[in-house]
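All chains, full assembly: derive it from the sequences and hints.
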Amino acid sequence: MLKNMAFLIFTFYKVTKTTIGRIERAKTNTTIRTLVKIANALEIEPKELLNFQIK
Numbered sequence: 001m002l003k004n005m006a007f008l009i010f011t012f013y014k015v016t017k018t019t020i021g022r023i024e025r026a027k028t029n030t031t032i033r034t035l036v037k038i039a040n041a042l043e044i045e046p047k048e049l050l051n052f053q054i055k
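So for the sequence shown, the working numbering puts the first residue at 1; every next one is plus one.
What the hints contain is simulated information worked out from the structure, not anything from laboratory work. Nothing here was measured: the structure is a model prediction, and the numbers come from that model. Honestly, I wouldn't trust all of these hints.
Straight-line alpha carbon distances no greater than 25 Å define the calculated DSS-like cross-link-like pairs of lysine-lysine that follow [stated by the list, open to error]: (1) 27 to 37; (2) 55 to 27; (3) 14 to 55; (4) 37 to 14; (5) 17 to 47; (6) 27 to 14; (7) 17 to 27; (8) 37 to 47; (9) 17 to 37; (10) 27 to 47.
The structure is reproduced here in structure tokens:
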């Protein structure tokens with residue numbers, strides 16, 4: 001499923017797996033545009049990607 005999601009994000013939204021990995025590992029900052037592309041691929045609101053707690 002995750003491989004399919006990565007393929008979908010790249011194919012339709014032009015966000016590479018490398019970029020997603022760098023964002024996940026906090027190796028890069030992302031733009032609002034990229035955040036919206038990822039949210040669209042996941043069929044969620046962008047704010048859901050930002051709803052987390054820092055421990």
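Tell me the hint numbers this structure goes against, listed in increasing order. Hint 3 contradicted; others consistent.
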